[in-house]
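Bring the two chains, given one by one in their own frames, into a single complex with the hints.
Okay, here's what each chain looks like letter by letter:
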Amino acid sequence: MSDPTLDERLAALVGTFVSRGGPQVAPDPVNRPMIRHWTAAFGDANPVYVDDEAAAVSRFGQVVAPPLMLQTWTMPTPELTGIAERGGSPVATDGPGPLDLFDRAGYVATLATNSEFEFVRYLHPGDVVAAETVFEDVSEEKQTRLGPGRFVTWATTYTDGDGEVVGRQRFRILKFRPEGVPS
Amino acid sequence: MSGALDTPVAARGGAGGAGGIAVGDELTPLVIDVTATLIVAGAIATRDFMPAHHDRDFANAQGAPDIFMNILSDTAYCSRFLTDWAGPDAMVRRLAIRLGVPVFPGHTLTYTGAVTATRVEGDEAIVEVSFRAAGDLGDHVTGTAELSLPVAGVTQ
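Chains as they are written, first to last, in this note's numbering: chain V, 1 to 183; chain G, 1001 to 1156.
Because the hints were derived from the structure by calculation, they are not lab data.
Each residue gets a CB set at the ideal place from its N, CA and C atoms; glycine is no exception.
The reader is advised that the hints may include incorrect statements.
[As the list claims (entries may be wrong)] Partial list, derived from the structure: chain G residues whose beta carbon lies under 10 Å from chain V:
no., residue
1, D1025
2, A1036
3, R1047
4, D1048
5, D1055
6, F1058
7, S1079
8, T1083
9, M1091
10, L1095
11, F1104
12, E1146
13, P1150
The shape of chain G in the complex, shown without the other chains (with noise of 0.2 Å):
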């Protein structure tokens, strides 16, 4: 097993980034003011063309409110949030969402979430983030991800 390191680990923002990573370190936060042509345009980029996410009539049809956004966008907007904060040199390993409650046009989605645990496995940080997205209903998404990033400036 690799072990946890009690040492910030990975440059941040690229090759010779400043700053390290550890538990607890929060992300940054990411906020998404939802309106029907984000979800939309997130819809159609996915190349997913249920009605539900482009016609507001067939989605009250099926009894939701308006038009909601896609589980595409969704996973779209969670690598978005985590490889702002990580920097370009991050690589998504995994990534786990599961669906709260929908957000619709006007709400507004944050994305927030801590670092839960870090190791090395050969050239490589791990990185491991638990997150939410919060709308204005409560918790739309509810995820981990495993993030990694080159080694840089491990200090043991």
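So that you can see chain V by itself, here it is in the shape it has in the complex (with noise of 0.2 Å):
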């Protein structure tokens, strides 16, 4: 099963940038409409996110968005149209990016596995977040239940308008080859 073009490719990938064009900038800053559309749909009372006299007297003194909302600020506004073409990819692309090397090499189907966060500080509405992803490291080939694959992890960075750090995130996906589907 050894390519070892494809491994030297994939390995190369190492340390460069996830998406092409570098950081994510935010399309909007921590804003309070997104936050209490997140916490009516996961059901989440707590206070602190959308109560401002609640947020005051906490620990945090005014209100602060969900942490776990950090990838949500970075996530690219979608295009619609098109998107069961590009197989299912939420935004346009005018060429290959890196992941294209997988789906290339057979690996079309992804399955997130893994996702670690760290959080310095919690965002406030008006904060405008920048993430910048790189790749951090891809297994060798390996069988997994779905099928052969390999598990691709990449590390983002999280900051703020000054540049400061507010948070990490490691992400691990499977890229696989599904079981009897052809190749």
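In structure tokens:
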């Protein structure tokens, strides 16, 4: 199964940006409407996310965004037209990105397996978040219950408008060749 | 190194709240009845438009029997589970999850967990937690977290 050329090309990804174009800047600053939608979707009644008075007497002193919205702020605005033709990718790309290497090697399916967050500080309405994501590791091909695949780990550093780090995330996906599906 | 605490620390439920937190304490379980509506609402609230989280035909074509919850929703429920128990003064410092079997509409997710360590760092009490979310097919999420709470009423 070894393909030195492929292994070398995948190894060369480590340390490079996962998305072309470098850091992703949040399309909107941290804001109350998105926070309210989030708390409603998850039934999270923590008052420090939405209630000024409760937040004022908490350790935070003011309304804060739910910490686990960190990844949400920098999610790209979707382009719904053509989403099926793009194989489900919510954003259009004008050429192959780094992850296309995996698809071309037959690892066409994607499954998230791990997510690890570290929060330096909670965000407030008005904060503008940017995310810089680089490949941290690409595993050898492994046989999984879903089919042969490679675990791909990337590390994201989230910063605020002053460039200060507000959080970090390590995210791992399995890019795999679904068993029974011709590739 | 900060020593583990022999005595409960960290007021729960806000300033001056009742009770302390100690190793072995079990977190208040959180039960989620998973529906298609809940999965779609979570995906869109987290800005995740991958069709497998809202379009059953697409999910079927990818080999899944139905739409399934996105990982941003999983971590959202984890934080709700943690702060529902620890109170509004809790700050999530760290959260690490591993995904197991999927959950689909009609399944029930039950979050359970326990305190594995406590320590004091300056004016913060750090509480380490180990938890899982069990679904109909087995463990959907296993993870660990570190919460910070303002130190209140630490007794030595």
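For each hint, the structure was consulted:
no. : hint  : result
1   : D1025 : violated (20 Å)
2   : A1036 : violated (13 Å)
3   : R1047 : holds (4 Å)
4   : D1048 : holds (7 Å)
5   : D1055 : holds (9 Å)
6   : F1058 : holds (6 Å)
7   : S1079 : holds (4 Å)
8   : T1083 : holds (5 Å)
9   : M1091 : holds (7 Å)
10  : L1095 : holds (5 Å)
11  : F1104 : violated (15 Å)
12  : E1146 : holds (9 Å)
13  : P1150 : holds (5 Å)
Of the numbered hints stated above, those contradicted by the structure are hints 1, 2 and 11, listed in ascending order.
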